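A.B. asks: Here is what each chain is made of, one letter per residue.
There are 2 protein chains.
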Amino acid sequence: MRLIFVGFGTVGQGLAELLIEKKDLLSSMYGLEPVVVGISDEMKGSVLDPEGIDLLKALDLVKAEKLLCDMDVGKYDGSALDMIRDADADVMLEATYTNIKTGEPATSHIKAALEKKVHVVTTNKGPLALHYHELAQKAEAKGVQFLFEGTVMSGTPLINLLRETLAGSTIKEIKGILNGTTNYILTRMEEGLSYGDALKKAQELGYAEAVPDADVLGWDALAKVTILAKVVYGAKVNPFDYPCQGITKITATAIEEAKGRGKRFKLIGKVWSEKGIAKAAVAPEEVDISHPLASVMGATNAVTITTDTLGNVTIVGPGAGRKETGYSMLIDLIKIASAKQI
Amino acid sequence: MRLIFVGFGTVGQGLAELLIEKKDLLSSMYGLEPVVVGISDEMKGSVLDPEGIDLLKALDLVKAEKLLCDMDVGKYDGSALDMIRDADADVMLEATYTNIKTGEPATSHIKAALEKKVHVVTTNKGPLALHYHELAQKAEAKGVQFLFEGTVMSGTPLINLLRETLAGSTIKEIKGILNGTTNYILTRMEEGLSYGDALKKAQELGYAEAVPDADVLGWDALAKVTILAKVVYGAKVNPFDYPCQGITKITATAIEEAKGRGKRFKLIGKVWSEKGIAKAAVAPEEVDISHPLASVMGATNAVTITTDTLGNVTIVGPGAGRKETGYSMLIDLIKIASAKQI
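Listed in order, the protein sequences are those of chains A and B.
Take 45 as the starting number for the first sequence in the numbering used here and just add one per residue.
Take 45 as the starting number for the second sequence in the numbering used here and just add one per residue.
Take these hints with a grain of salt, some might be off.
Below 27 Å or equal to it, Euclidean Cα-Cα: the simulated BS3-like pairs (lysine-lysine) are [what the hints assert, rightly or not]:
hint, chain 1, residue 1, chain 2, residue 2
1, A, K319, B, K216
2, B, K244, A, K379
3, B, K107, A, K379
4, B, K186, A, K379
Pairwise CB distance ranges (calculated) [as the list claims (entries may be wrong)]:
hint, chain 1, residue 1, chain 2, residue 2, range
5, A, D332, B, A298, 45 to 51 Å
6, B, G306, A, E300, 16 to 22 Å
7, B, L111, A, T214, 30 to 36 Å
8, A, A298, B, A298, 34 to 40 Å
9, A, E300, B, L249, 37 to 43 Å
These are computed hints drawn from the structure, not numbers from a lab.
Note that this is a predicted model, so its numbers are computed, not measured.
Backbone N, C-alpha and C define an ideal beta-carbon position, used for all residues, glycine too.
Just need the whole structure built from these sequences, with the hints factored in.
C.D. replies: Take a look at the structure:
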């Protein structure tokens with residue numbers, strides 16, 4: 045299976061490490077023999093080699109903060125779109141940074157790959173939240189797969205659970221903690237830190253960015269519930285069509301008072317169907333301390349799925365991370381390999 | 045897809061109800077067009093009709109505590125094994141009662157069906173805990189599927205998660221609450237009931253049987269960890285090879301004292317790999333109140349899977365129930381239908 049990486053940040057590198065670490069297992073168990081023929085990254089430079097790139101070397105260069113074009117062979121000057129056009133690949137791995145307002149440049153990358161009948165695996169929320177239906181239709185028309193397990197809960201297999209494992213069930217509601225950064229901040233605030241100090245701590249740990257808006261204002265969770273609304277209910281909406289409230293207005297006092305009532309604040313993303321119409325919302329909720337979601341602390345994510353067949357099923361797992369999100373792409377690659385030997 | 049039910053108790057009836065309720069969905073989404081050609085039940089009588097049995101009528105008879113042989117057509121006098129031989133079926137649904145010591149009569153039913161190249165779906169723990177490898181090998185040799193999602197956590201898709209959804213991961217440990225009855229009793233004891241009163245309450249609600257040994261001595265959880273040890277790690281063992289301790293020695297005082305230390309008793313089933321050897325055990329553990337398993341109350345089940353790719357992933361859901369366990373068989377039927385149109 046011939047792969048190109050578009051975006052070679054932590055997620056792409058996480059996958060590359062797994063491909064090296066699990067080489068023998070992937071080959072023997074799933075017939076997956078990956079050959080990386082191209083890596084394109086705006087910051088780190090690009091390399092294209094039909095003979096296959098030495099991934100270990102590429103990772104070493106990147107870790108040493110050198111450029112990929114310092115590889116001995118395959119130096120490539122073109123853009124990501126040029127590489128999608130030039131490379132002879134079976135799968136494009138799209139892991140550039142998410143832009144939730146435009147979905148670019150990822151959406152253009154994905155369209156170009158699908159157009160060329162190249163399977164697409166992505167962890168990028170922008171194209172999904174904004175253009176899911178268009179992209180899924182294009183993939184179907186072209187007879188290739190368009191997979192995105194990593195867009196919600198990183199490698200924790202929520203998308204798989206909803207689309208395949210719970211086959212035959214009607215999904216009544218999906219509700220949970222979809223953003224680890226805000227959950228970490230709320231956890232630390234309950235331990236006594238102020239909002240400012242908890243945010244600072246989250247930034248130090250790399251959970252929150254310097255400009256933390258996407259997390260603390262709820263936009264990241266909003267993108268995820270929008271993806272779920274589209275994928276599960278076929279909703280034709282944009283992220284900002286749904287009500288969204290972050291955690292910036294929650295005070296230490298409010299948290300303390302909730303605690304006294306046996307409650308705990310969580311930033312809850314919710315998607316449900318009301319008379320056939322998909323609804324969604326993001327807002328802080330006071331969750332009863334005995335509710336499964338209440339015990340989910342720190343940077344962990346958790347989602348409760350309400351079905352007609354099983355009642356509630358809850359899945360708890362990582363919502364971010366280098367290896368964890370890299371792994372989401374590996375799940376999708378295994379799926380493509382299982383469907384068709386490439 | 046032509047089906048026979050062997051065993052038509054609550055689980056079989058639960059599936060029958062789902063097949064009626066979800067007829068259109070199953071046909072349109074999964075191309076699954078089930079025709080039940082036989083039902084064999086030791087207590088309720090048997091019916092065999094190649095033209096297809098009216099499931100609604102069969103359910104009505106059973107609910108009215110009448111015999112299946114009161115159906116207008118298809119009265120059948122043979123045994124379950126006779127029916128497996130006589131029926132022209134694609135899939136046998138095995139849902140007779142579990143006997144964890146002998147695995148019978150289910151194991152004989154399954155062998156007979158596989159021998160005849162009939163796919164098998166079962167919720168029966170006995171054959172799995174005792175003869176998994178032999179049965180799986182026979183299924184493979186005959187080119188048919190042998191599926192058993194319902195044997196652990198009923199329809200909560202733990203088996204699927206372990207075997208497919210977490211593809212490419214190394215499973216380091218599987219640990220959890222696998223028996224709802226004992227979890228319910230422990231929950232009620234924490235609320236102040238004595239062991240005897242809590243057990244009585246569980247019996248009244250139908251969670252515990254008149255002779256509650258299989259639950260309270262840990263045997264049911266033991267059968268489940270044995271199944272996981274065999275399926276995930278290929279262990280070649282019998283259930284009673286592993287250490288097993290139930291909840292009968294836990295006193296109200298011990299529960300109260302644990303509470304004071306921020307702990308909660310849970311009956312924990314555990315499977316892990318130690319230097320390539322599968323280990324397993326069932327015993328009560330004092331779980332920290334902040335651990336995800338601690339918040340799992342009542343008859344709910346929960347399992348934490350420790351992987352090399354995602355760290356811990358926890359799934360929480362029902363572990364028993366008419367509809368819930370019936371649904372586990374529907375998941376398996378959809379899988380068979382998706383693999384091959386019958």
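A.B. asks: Would you mind confirming whether the straight-line C-alpha gap from A:K319 to B:K216 stays at or under 27 Å?
C.D. replies: violated, 44 Å
A.B. asks: Holds or violated: B:K244 and A:K379, Cα atoms, limit 27 Å.
C.D. replies: violated, 48 Å
A.B. asks: Taking the Cβ atom of B:L111 and the Cβ atom of A:T214, is their distance within the range 30 to 36 Å?
C.D. replies: holds, 34 Å
A.B. asks: Starting from the hint 34 to 40 Å, judge whether the C-beta atoms of A:A298 and B:A298 obey it.
C.D. replies: Taking Cβ atoms as reference, A:A298 and B:A298 lie about 37 Å apart, which means the hint holds.
A.B. asks: Tell me if the straight-line CA distance from B:K107 to A:K379 falls inside 27 Å.
C.D. replies: It is violated: about 43 Å lies between the C-alpha atoms, which goes past 27 Å.
A.B. asks: If you check the beta carbons of A:D332 and B:A298, does the distance land in 45 to 51 Å?
C.D. replies: Once the Cβ atoms are compared, 27 Å apart, the range 45 to 51 Å for B:A298 and A:D332 is violated.
A.B. asks: Within 27 Å, alpha carbon to alpha carbon, are B:K186 and A:K379?
C.D. replies: Roughly 25 Å separates the two Cα atoms, so the pair holds.
A.B. asks: When you take the CB atoms of B:G306 and A:E300, is the distance between them in 16 to 22 Å?
C.D. replies: holds, 20 Å
A.B. asks: Look at the Cβ atoms of A:E300 and B:L249 and judge whether their distance stays inside 37 to 43 Å.
C.D. replies: Between A:E300 and B:L249, where Cβ atoms are some 38 Å apart, the hint holds.
Comparing the model with each numbered hint stated earlier shows that hints 1, 2, 3, 5 do not hold.
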